[in-house]
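Chain by chain, the residues run as shown.
2 protein chains.
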Amino acid sequence: MPPAPGDREARREDVSEAVWRVLAGKGFGGLTLRAVAAEMEVSTGMLMHYFPTKRALITHALDLLEKRTAERPRRARPVAGLSTVRAMLLDILPLTPGDTARNRIWVSSWDLSLADEGLTTEQAGRYTRLRSTIRPHLEAARDLGELPAATDPEQLAAIAVAFTHGLVVQALFDPGRFPEDVQIAMVDDFLASIAPPGPGGGKGR
Amino acid sequence: MPPAPGDREARREDVSEAVWRVLAGKGFGGLTLRAVAAEMEVSTGMLMHYFPTKRALITHALDLLEKRTAERPRRARPVAGLSTVRAMLLDILPLTPGDTARNRIWVSSWDLSLADEGLTTEQAGRYTRLRSTIRPHLEAARDLGELPAATDPEQLAAIAVAFTHGLVVQALFDPGRFPEDVQIAMVDDFLASIAPPGPGGGKGR
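Top to bottom, those sequences are chains A and B. Take the first sequence: its letters are residues 1 to 205, numbered as in full-length UniProt numbering. Take the second sequence: its letters are residues 1 to 205, numbered as in full-length UniProt numbering.
Bound conformation, chain A alone (with noise of 0.2 Å):
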C-alpha cells in the first residue's frame, strides 16, 4: 500500500533533514546516496524513490540550501545607514550553529559551484543581489554624513561582501580564534574604517 500524502510530506521532510545533516558534517563532496540512507536508517533502494540519480540528490541539496538561507531569522533592520548594513554583515556571519552549518554548506558548494556553468552564473547572480542589497543603505550612509562624500557605494558593497565572506571562511576553519564576539567586533572595526573620523564619523580615532 503506497503511503497516505501526509505521510509522504512527513517522509520528505525527514529526507531533506537527513540530506541537511550529511552536507553539515560532510559537504557536497560526502554528499552520497548511500550517507543519506545511513543518515535515515534506511536502504539506498527506499532512497532511490526520492533521488533516482545523483544528481537529483545535488539538486534537491541545493534547493535546500537557498530556501533555508531564504527562510532564515535575520536581525530587525534599523531604519538606515550604516547600522542597517551592520545588521546585514552580521545576518551573514557564522555566529549560531545553525548559522555555521548553513555557511559550511556554503562554502561546501563552491566547489560543485564552480565546476558548473550553469551553477557558476546563479552563484555570481546571488553575490550581485546581496551587492544589490547592501548599496541603497551605503548610499543611505553617505547621504547621512556616516561615510566620505565621495564615497562609490557599489565598490563599497563589492568590499563589504567580500570582507565578510573572507570572514566567513577564516571562522568556519578556525572557531576557536573567531568566536562570536571576535567575528561581531571585526565587522564593528571594519564599519569605522570605512567611516570617517570625527563628528557625524564612527570612528573615533
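No wet-lab data here; the hints were simulated from the structure. One or more of the hints may lead you astray.
Pulled a few chain B residues facing chain A out of the computed Cβ check, cut under 8 Å [what the hints assert, rightly or not]:
hint : residue
1    : TRP20
2    : LEU112
3    : GLN123
4    : ASP174
Heads up, simulated DMTMM-like pairs for lysine to aspartate or glutamate below, C-alpha to C-alpha not over 25 Å straight-line [stated by the list, open to error]:
hint : chain 1 : residue 1 : chain 2 : residue 2
5    : A       : LYS54     : B       : ASP116
6    : A       : LYS26     : B       : GLU180
7    : B       : LYS26     : A       : ASP63
8    : A       : LYS26     : A       : GLU66
9    : B       : LYS54     : B       : GLU39
10   : B       : LYS67     : A       : ASP63
11   : A       : LYS54     : B       : ASP14
12   : B       : LYS67     : B       : ASP14
13   : B       : LYS26     : B       : ASP116
None of these values were measured; they are calculated from a predicted model. Even glycine gets a Cβ: it sits at the ideal position worked out from N, Cα and C.
Since chain A is already given, all that's left is putting chain B on it; use the hints.
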C-alpha cells in the same frame, strides 16, 4: 622493461600536470583516477601505479597545491609598511590565469578540508601563518604613521586576510565584474580606508 629513472621523473611531472588541469577545470569534486587518466590519454590501470587509491590521488593534489603556492612568482616587497602589505595582498588575488587556477583549486579544496579534522587544522594553521606574515608590516605601517596609533595589527591582519579571500571568491565567480584592474582598485580602496586621512596618511579625502 621498467622505464629509466629519467623517464620516470618526466612521467611523474606529466601526471602532476594532468592532476593540476583536472583540478583547475573540475575542482576536487571532479578529481578521479578516471578523469586524470582521460586527461593523460592513458588507462586507469596505468595511473594506479602512481595512485593506488583515491586518497593517494587527493594527497598528491593537496601537496601539489601547497608546492605550487609556495613556489609562485611574487611581487618585489617594498621595504616596509602599507606598500608591503599591498604587494602581499595582490600576490593572493586571481590576477593572472595561473593565479586564477591556483585560487580556484584552493577554494575547491575547502569542501574537502572542512570535512576532515586534520585538514581543517592544517588550513587554520595556514591562515594563522598568513596573518603572522602580514602583521609585522602593519606594525611597521603604524610606527611609520601610515596607520592610526590605536591600530591592533593582529585584528587588522585578520580583516585584511578576510577581505582578500572574500575578494578571491567573488572574482572567481564573476571575473567579468572583477577584472584585474577592479580587484587592484578594491585593494587600494581597502588600504585607503584603514589609513587615516590627512598628511602622512594614504587617504585622499
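message: For a quick check of understanding: which of the numbered hints are violated here, in increasing order?
response: 1, 6, 10, 11
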